[in-house]
Structure formats: structure tokens, C-alpha cells
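Enquirer: Sequence:
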Amino acid sequence: MMASLRVFLARLKSLERVPNLESAADELQSYLTKNFPIFVAESSDGLAGYLVCRIDDDVVWAESIFIQPKYRRQGIASSLYLEAERLAKELGGDTVFNWVHPNNNVSILFLKKRGYNVLNLIEVRRPWSGEELSTTIKVGENEFDY
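The sequence shown runs contiguously to residue 217 in my numbering.
Do not rely on the hints blindly, as some may be mistaken.
[To be verified] Computed Cβ-Cβ distance ranges for the label pairs, DEER-style: (1) Leu-118 x Val-177: 25 to 33 angstroms; (2) Ile-208 x Val-130: 23 to 31 angstroms; (3) Asp-97 x Leu-118: 16 to 24 angstroms; (4) Glu-214 x Glu-113: 38 to 46 angstroms; (5) Ser-205 x Tyr-142: 27 to 35 angstroms; (6) Glu-154 x Asp-216: 29 to 37 angstroms.
[To be verified] Heads up, simulated DSS-like pairs for lysine-lysine below, C-alpha to C-alpha not over 27 angstroms straight-line: (7) Lys-183 x Lys-209; (8) Lys-160 x Lys-184; (9) Lys-183 x Lys-141; (10) Lys-209 x Lys-184.
Hints are computed from structural coordinates only; laboratory data are not their basis. Because the structure is a prediction, the values reported are computed rather than measured. Don't be surprised by glycine CBs; every beta carbon is placed ideally from N, CA and C.
I would like the entire structure built from these sequences, with the hints used as guidance.
Expert: See the structure below:
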């Protein structure tokens, strides 16, 4: 599933990727080594989805979430997020923090439905070598390449 998530995220940037199982295994091992909380939703035929959280001091971040396409829109992501929100409350927080691609409308709509509607920070960087940016996004009075 982690490999499928990386393919999906690449497509948000108009990049074509194939699932890389070795890279996904390394990513999972990294999460396990760092003791990141991982919430899993199971189905009768395997895994339906997962949510990996990262904890920085008392702040909970939704590091990675993915639901298998055939299990979407069945409340699984909401159930997983509820676990992350409980974890945030246990640590004295009020929210789970999220990094979201600005054109990831599926995630943005999901988060808005759960009450996540405050834009906190934006990541600003220089273009990568050879990166082709095809879109612009306006935040307030500022326009950024994307």
C-alpha cells in the first residue's frame, strides 16, 4: 500500500511512477525503527488501509495515510483518523497536523469534513534540478509555482 501511495502522490505532481516495493519496505522499516504509531484497518481479504503518525514533542502529524481503492468511502479513513485524534488528545493536543499537496482534493475534502480548515504553514522551496512546474497556486496575495 505504501508503494501505491507514492505512485498516487507522484501523479499529483504530474510524474509517472511504478510501485517500488523495495522502497516501500524501507519506508515501513523506517517508521517501525522510529516507533511511529501505525494504525491499520483490516478486511477479510487483507489490509484495507493504514495511517502512520509521527510525534514531535506533543504534536501528532499524519505522516502517511492510504486506503485501498475498493474500501474507500466506507468510513475507514475516518476511523483511522479518530485513533490519531485520540492520540493527540492523550498527548494534550487539540488536533492532528497534516502536510497535504495543494491539489490533493480528495485529502483536502476529507480533512475539511473532519473540521480541518485552518491553513497553518506552507512549504516554500527552490525548484529541484530539472523539475518542471506546470501550475500556480495562490495563497493570500502570493502566487507560487507548483
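Enquirer: If a hint holds in the structure, say so; if it does not, say that too.
Expert: Now for the hints, and whether the structure bears them out:
In this structure, Leu-118 and Val-177 break the distance hint of 25 to 33 angstroms, their C-beta atoms being roughly 19 angstroms apart. At roughly 25 angstroms, the beta carbons of Ile-208 and Val-130 sit within the given window of 23 to 31 angstroms. Checking the proposed 16 to 24 angstroms range against Asp-97 and Leu-118 shows it holds: the Cβ atoms sit about 18 angstroms from each other. Checked against the hint of 38 to 46 angstroms, the pair Glu-214 and Glu-113 passes, with Cβ atoms roughly 44 angstroms apart.
At about 31 angstroms, the CB distance of Ser-205 to Tyr-142 agrees with the hint of 27 to 35 angstroms. As the Cβ distance of Glu-154 to Asp-216 is approximately 36 angstroms, the hint placing it in 29 to 37 angstroms holds. With a CA separation close to 19 angstroms, the supplied pair Lys-183 and Lys-209 stays within the 27 angstroms bound. Between Lys-160 and Lys-184 the CA atoms are separated by roughly 19 angstroms; this keeps the pair inside 27 angstroms, and the hint holds.
Of the pairs offered as hints, the one joining Lys-183 and Lys-141 holds, with about 22 angstroms between alpha carbons and a cut-off of 27 angstroms not exceeded. A hinted pair counts as satisfied when its Cα atoms are at most 27 angstroms apart, and Lys-209 with Lys-184 qualifies at roughly 22 angstroms.
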